[in-house]
Amino acid sequence: MSVDVESILRTVDHELPPFPPKVIMLATGEPMVIRQASRDEIPDILPHVEALIHHDRDFYDVVAARVYSELLGHFKHRYQDQYLLVAQCDGHLAAVVNGRAVDAKTGMSLHTLGLRRGLRAGAHAFAAKMEYHFDQLGHQEVLIVAESPIGFRRWMIEYKLEKRFEIPHELGGCPSWSLTRALFDRARGSLVVGSRPVGKELLAKAMAAILPPTDPPKMAPDFLAATRARYDSTGTAIIARTQK
Amino acid sequence: MNKQILGYKCKKCGHVQYPYHSRCKKCGHTEWRGFDIVFDTAPLPQDGKLLTFTHLYALPPDFEAVTVSFGIVELSDGHRITGQLKIEAPKIGMKVQGKVELVRQEGYTKHWGLVFYSAA
Amino acid sequence: MRDVYVVGIGITSFTRLDYPLAEIAAYPALQAMQDAGLDKVDHVYVANMGGGRVSNQTALGSAVVDHLCLWPVGAETIENGPASGASAIKTGAMAIASGMMDTVLVTGAERMNEVNSLEATDFVATLAHPMAERIYGVTLPALAGMFTRLYMERYGVTSRHLAMVAIKNHANACLNQFAHVQNKISMDGILDGKDASHNNPVIADPLRFFDICPVSDGGAAVILASAEVAKKLGKPLVKLAGFGQATDTHAVHEREDPTALTAVRLAADKAFKMAKLKPADVDVAELHDAFTILEIAESEEVGFFEKGKGHLALERGETALNGKLPINTSGGLKARGHAVGATGIAQAHEIVLQLRGDAKKRQVKDAKVGFTCNFGGFGNNVVCLAMVRE
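Chains as they are written, first to last, in our numbering: chain A, 1 to 244; chain B, 1001 to 1120; chain C, 2001 to 2390.
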């Protein structure tokens, strides 16, 4: 009898409870729906993540590359106990957040990828995933790291996270920070917003399809190309880059 | 030592100014003693009424607090001063009492300044 | 005294730019030279605030001349805090008015990319009074917060008025391809809605996130010339008809009336007097809205509206793009962005575009007279410019 190798390689996923969708009004006045996305929807999301892998700004490249690998791993059953939430405006993707249940008490926050900038879409989605950890998964703490200064300000400072530096985080082995249930309960009033239930039509629109982001992060127009030596490895632009 | 914030009194016209300017703000006089510019100094009063205030949530990176409150206070002798507030719910016009405390530490440098409390 | 004309303009995107500071200044300068049809100038002034401390580039004037291969012309860096840009234009205009120079390049640049926004705010706070303000942790937003509270108390300005400024300027910026923030925002989203407090958190009470300008990288340039040169170049004639500057006490608390922006009033008076114009003659203006409250307060101090009535004019839509006196058609500092040293020049850039009739979708109809107010410190060093289409 042949051994079913796939069954050996596959993760042994636990059944994770559903995330009750919610809706948040953005600064533009548009409603943004945050809901759980299923494994089957991952192929609809990946192209939009892939586009950002070469976006060398605010660590979008690192975050997008890792989100891509996590989602692909999840899709092909190589990433244990991962969940995925998406934020959508009129069906269009605005943010992707994911995380993992480590055990009954501990959650591991993976990534927050904002696909619309300047409207705190990512911050709203992050708050939603913390809600999921504490309210649905029943975790007592969630381990978090930031890969960009923006993330650091949002999570570490706004939520006043505690240090768990003795625990290497799954993302690159960096020292972990912890959002405990007590800290989260304190932040609920100010940082966790939005309402439930989501209107029928709004939800139907969001569930129907994940549409491409309307205004994904893009590099500034390269108006300065005329005067600088970007491709010259001895050029000043490179010096400026390494000074950062 | 009881720390104080000083006002600088002109040797000619007696006008007291805060903060320090290198000559008298009112009469333009500079009192020279050799190469030194001299003023008489006198501690400013520390009580007054609150003129305006703010709670700042984006603090310079050397602050650990989440928010610090600042206010402009009209002191009982009419001088105005900017200081930190330690008042739960400040109101324009309220009476306040100041105290000189450590207000900021940048590396090894300590800054002392007025911190105001409710006088009610 | 000779007349001064603006014969060339150039600008970069206001955003985050991964290029050395000198290139950010050189790029718009080249555009401006091309626009004017000049390949040399008599002198160069470069406006910048943070070169030495933030970008590790001192003597920026020399670096820019080198980029532009303009040796051996004279060059200086002009640093006057956030008003560096208009200060440099004023200095260039004086050089031409005096008869010493016939053409002057004025370019400005800032690059805050190296530092995060808290460090950038801390850097800008170095312009506050070191002993009486900065030691307490006071930053520009804190000074603006205290100013706003008093203004609200005294004149009935509300958070709604502040939000109206932000919404207007964001909408204008959506029509400006060089603007930093091109997001249309709504009253529900930033003030009225249930989730608005999270979208628009308090930064310096009562000022919120959308009341405060972003920290941008960017550059802008103008070329100034004498009447003789300007007429030869054949560009639409935009005259820098007046400029004025005034200072005030370093510490805000030392001012007789902390809600008065005396330096704005005096600088504007001088500029109008020199240009032989009145505030009522102005068709389009760029005011220094680093904080939304400043657009309202400055619109009063420069003489467009009575003191304490600016917010009412805003309510009536008079300052909107299609209003009687459109203010900040570029998006202002609030949305076009605030690249500190370049801001005053970007304001002049917008006015020249408008007076030439080249502002496309955001063109103010028949704009003949334009005005800018570049606000340095917290109102302790202000430069105003008045421009006229001939």
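Simulated from the structure, these hints should not be mistaken for lab results. No residue lacks a Cβ here, since even glycine has one placed at the ideal position from N, Cα and C. Each hint should be verified, as a subset may be incorrect.
Said to hold, decoys possible - Covered, in the sense of this in silico footprint (three residues per stretch, anywhere, with C-beta under 8 Å from a C-beta of chain A), are these stretches of chain C:
{"id": "1", "stretch": "2178 to 2184"}
{"id": "2", "stretch": "2187 to 2199"}
As the list claims (entries may be wrong) - Just a sample of chain C residues kept apart from chain A, beta carbon distances all over 10 Å, derived:
{"id": "3", "residue": "2016"}
{"id": "4", "residue": "2206"}
{"id": "5", "residue": "2258"}
{"id": "6", "residue": "2305"}
{"id": "7", "residue": "2309"}
{"id": "8", "residue": "2320"}
{"id": "9", "residue": "2360"}
Hints, verified against the model:
Judged by the Cβ-Cβ criterion of 8 Å, the stretch 2178 to 2184 of chain C is covered by chain A as claimed, because 3 of its residues qualify and three suffice. Under a criterion of three residues with beta carbons nearer than 8 Å to beta carbons of chain A, the stated coverage of the stretch 2187 to 2199 of chain C is upheld, 11 such residues being counted. At roughly 7 Å from the closest C-beta of chain A, the C-beta of residue 2016(C) falls inside 10 Å, breaking its exclusion from the interface. The claim that residue 2206(C) is not at the interface with chain A holds, since no C-beta of that chain comes within 10 Å of its own (minimum 16 Å).
Non-interface status of residue 2258(C) relative to chain A is upheld: no Cβ of that chain comes within 10 Å, the nearest being about 30 Å off. Distance check for residue 2305(C) against chain A: the nearest CB is about 28 Å away, which clears 10 Å, and the non-interface claim stands. The beta carbon of residue 2309(C) is kept farther than 10 Å from every beta carbon of chain A, the shortest such distance being approximately 28 Å. Residue-level check passed: residue 2320(C) sits 18 Å from the nearest beta carbon of chain A, beyond 10 Å.
No Cβ of chain A comes within 10 Å of the Cβ of residue 2360(C); the nearest lies about 16 Å off, and the non-interface call holds.
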